[in-house]
Amino acid sequence: MTARRPLHILLITADQWRGDTLGAAGHPLVRTPNIDALAAEGTFFRRHYANASPCGPSRASLLAGLYPHNHRSIRNGTPLDARFTNVALEARKAGYDPVLFGYTDSSADPRELPPGDPRLETYEGVLPGFTVGVRLPEDAKPWLASLKAKGYVVPGPGHEIYRPDPAAVTPDKGPTYAPARFRAEDSETHWLTDRVIEHLSMQGEQSFFVHLSYLRPHPPFIAPEPYNAMYDPDDVPAPLRGDIEAEKAQHPLLKAMLEAIPQSAFFQHGEGLAADMSERDMRQLRATYYALLSEVDDNLGRLFGFLKREGLWEDTLVILTSDHGEMLGDHFLLGKQGWFDAAFHIPLIVRSPGADGGRQVTDFTESVDVMPTILDALGLDVPDQCDGRPLTGFLEGRPAPADWRDAACFLFDFRDARLPLLQKPLGLKADHCTLMAMRGERWKYVHFTALPPLLFDMDRDPQETRNLATDPAHAGVMLECAQRLLSWRMEHEYGALANLMLGPGGVVRGR
Numbered sequence: 001m002t003a004r005r006p007l008h009i010l011l012i013t014a015d016q017w018r019g020d021t022l023g024a025a026g027h028p029l030v031r032t033p034n035i036d037a038l039a040a041e042g043t044f045f046r047r048h049y050a051n052a053s054p055c056g057p058s059r060a061s062l063l064a065g066l067y068p069h070n071h072r073s074i075r076n077g078t079p080l081d082a083r084f085t086n087v088a089l090e091a092r093k094a095g096y097d098p099v100l101f102g103y104t105d106s107s108a109d110p111r112e113l114p115p116g117d118p119r120l121e122t123y124e125g126v127l128p129g130f131t132v133g134v135r136l137p138e139d140a141k142p143w144l145a146s147l148k149a150k151g152y153v154v155p156g157p158g159h160e161i162y163r164p165d166p167a168a169v170t171p172d173k174g175p176t177y178a179p180a181r182f183r184a185e186d187s188e189t190h191w192l193t194d195r196v197i198e199h200l201s202m203q204g205e206q207s208f209f210v211h212l213s214y215l216r217p218h219p220p221f222i223a224p225e226p227y228n229a230m231y232d233p234d235d236v237p238a239p240l241r242g243d244i245e246a247e248k249a250q251h252p253l254l255k256a257m258l259e260a261i262p263q264s265a266f267f268q269h270g271e272g273l274a275a276d277m278s279e280r281d282m283r284q285l286r287a288t289y290y291a292l293l294s295e296v297d298d299n300l301g302r303l304f305g306f307l308k309r310e311g312l313w314e315d316t317l318v319i320l321t322s323d324h325g326e327m328l329g330d331h332f333l334l335g336k337q338g339w340f341d342a343a344f345h346i347p348l349i350v351r352s353p354g355a356d357g358g359r360q361v362t363d364f365t366e367s368v369d370v371m372p373t374i375l376d377a378l379g380l381d382v383p384d385q386c387d388g389r390p391l392t393g394f395l396e397g398r399p400a401p402a403d404w405r406d407a408a409c410f411l412f413d414f415r416d417a418r419l420p421l422l423q424k425p426l427g428l429k430a431d432h433c434t435l436m437a438m439r440g441e442r443w444k445y446v447h448f449t450a451l452p453p454l455l456f457d458m459d460r461d462p463q464e465t466r467n468l469a470t471d472p473a474h475a476g477v478m479l480e481c482a483q484r485l486l487s488w489r490m491e492h493e494y495g496a497l498a499n500l501m502l503g504p505g506g507v508v509r510g511r
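Residue numbering for the sequence shown follows my numbering, beginning at 1 and increasing consecutively.
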C-alpha cells in the first residue's frame, strides 16, 4: 500500500539506545512491547547507523541531514554553522509549528550572537525552528522543580538527584542496582511524556509536529522501582571482552579510552575506571540499562495509547530512533566512544500512514536520511545541503535504488578544548583527533588522521577483536577500502551550490 501524506509528525529520540537492545531486534531479554508493536505496524531498519558521536554532532546530522564532515559541529559544544537549514525550519514552510520536548544539544553559532549571550555558555541550545514546549537539558531544572513541588528532597543541583540513597545501596548487588530516589510515576521520562500528552490534548484539529527527545537510557544508570529489579543480572549476557592488555594493544586510541574513562561518568557514586569494573558489576549495569529501556517503552505505550484514543494515530508519521549506541562493557568500554558497531548502530523504526507494516530493511541507512524522509512525507523539496536521501521507497515496499549506499559511514572526533582526556595522552594536536569509519557488508575500515588504521572482517569477526590492517595478506583489501572511503569523502563534500551553473537563461541544475 502506498503511504499517504501525514497530518502529524512525531519524531522520537531516546538517547544512547544501542541498536541490538530491543525485542523487535531479537534481544533475548529486553522487553519493549510497545516499540515492538510499532515495528510490526511500520518499517524496521535493521542496519541503521548514527553518523557521529556524541549527542550534539549526531543530532546535527539527524536534524540537518548533513554528514559531520560537512556540518563540522563535531563535539558537544562545537558551534553549528547558522547558514544550515534543518528539519524544523523546513517543516515551517508547510505550515507546521515544530515543538520540542527535551533537547537538541545544538551549539549556537557565536558569530550570530552578541558577547555575553547566555547561549554561548552551553552546548545544550535549541536548534532554530523549534518552539520550546519543554526544554530539559542535563541539569533538568523543570523536572527537579516538579519533584520539589511534590515534596521530594532534591539533594543538590544537576545529577545529584540520581545519586541513590546510601541506605538503599547494596554492594553485593552492584553499584547500579539501588533504586532512584523518585518513584517511576515521577521520573523525568514519565514527566516529559506527560508534558507531551498535555500539549497534544490542547491541539484540537490542528496538525502537529512534535520532537520528543528522551534523556533515557543515557546515564546516570539508575532506575526507579520496580524497574531497577526488572532484570536479573544472572540472566544478562556477559560483555564481550577478552584480555584487557590485548584490548589495549589493539590500538592507541582504545588504550587511551580504557585508561581514561571513569565510572563516575555513568553512575554518580562511581569510583575508578570503567574498564576496572568486574563482570558481575557490568552485568548489573546492563540490567539497569535494560530497565531504562523498558521504562521508556512503557511511557511510549502511554503516549501511543493517547494518540489512538484521540483518533490521531492513523494520521501520524512516527519515527523512533536514537543519537548513538552504548558499549555496555564490550571491550571493557562504557559510553559511545571509538569505532565499534555497538556505539553507532542504533534503532530506526518508521510508521507511515497508509503504508503496510511489518517490513524489515537490511540495506544500510543513516541518521542523515531522517530529515529527507520527513520532508518527503510532507511533500516538501529536500534542500540541496542534505547528504541523506528519503526512505519513502522502503516504506512503500520498493527495493533499494540501484545507486543506494553499500556501507554506512560515521565519524568520531576526540579533541576537547576544555578537557583533553584522550587528546593529551595521545600527544595529538586537535586537528589530528578524528576517525572516519566505513562499515560495509563484510569489511569495516577505520581511518585516522594521525593514528594507525583498522580493518575488521565483520563476517568472521563481528565483535571487532582482530585488527587485520597490518596483515600482509589483507594489503589489497586495505587499499581497496581506503580508496572507497576517499571516493565517498570526495563525493560527499559539501555541495549545496556545486551542481548549479549560472548562464544565459538563468540557473541550470546538474546531476
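In case anyone wonders, no lab produced these hints; they're calculated from the structure. Model, not experiment: these values are computed from the prediction. Each hint should be verified, as a subset may be incorrect.
Said to hold, decoys possible - In silico DSS-like cross-links for lysine-lysine, where the CA-CA straight-line distance does not exceed 25 Å:
{"#": "1", "residue 1": "K93", "residue 2": "K255"}
{"#": "2", "residue 1": "K93", "residue 2": "K248"}
{"#": "3", "residue 1": "K248", "residue 2": "K424"}
{"#": "4", "residue 1": "K255", "residue 2": "K429"}
Would you list, in rising numerical order, the hints stated earlier that this structure does not obey? The structure conflicts with hints 1, 2, although it agrees with all the remaining ones.
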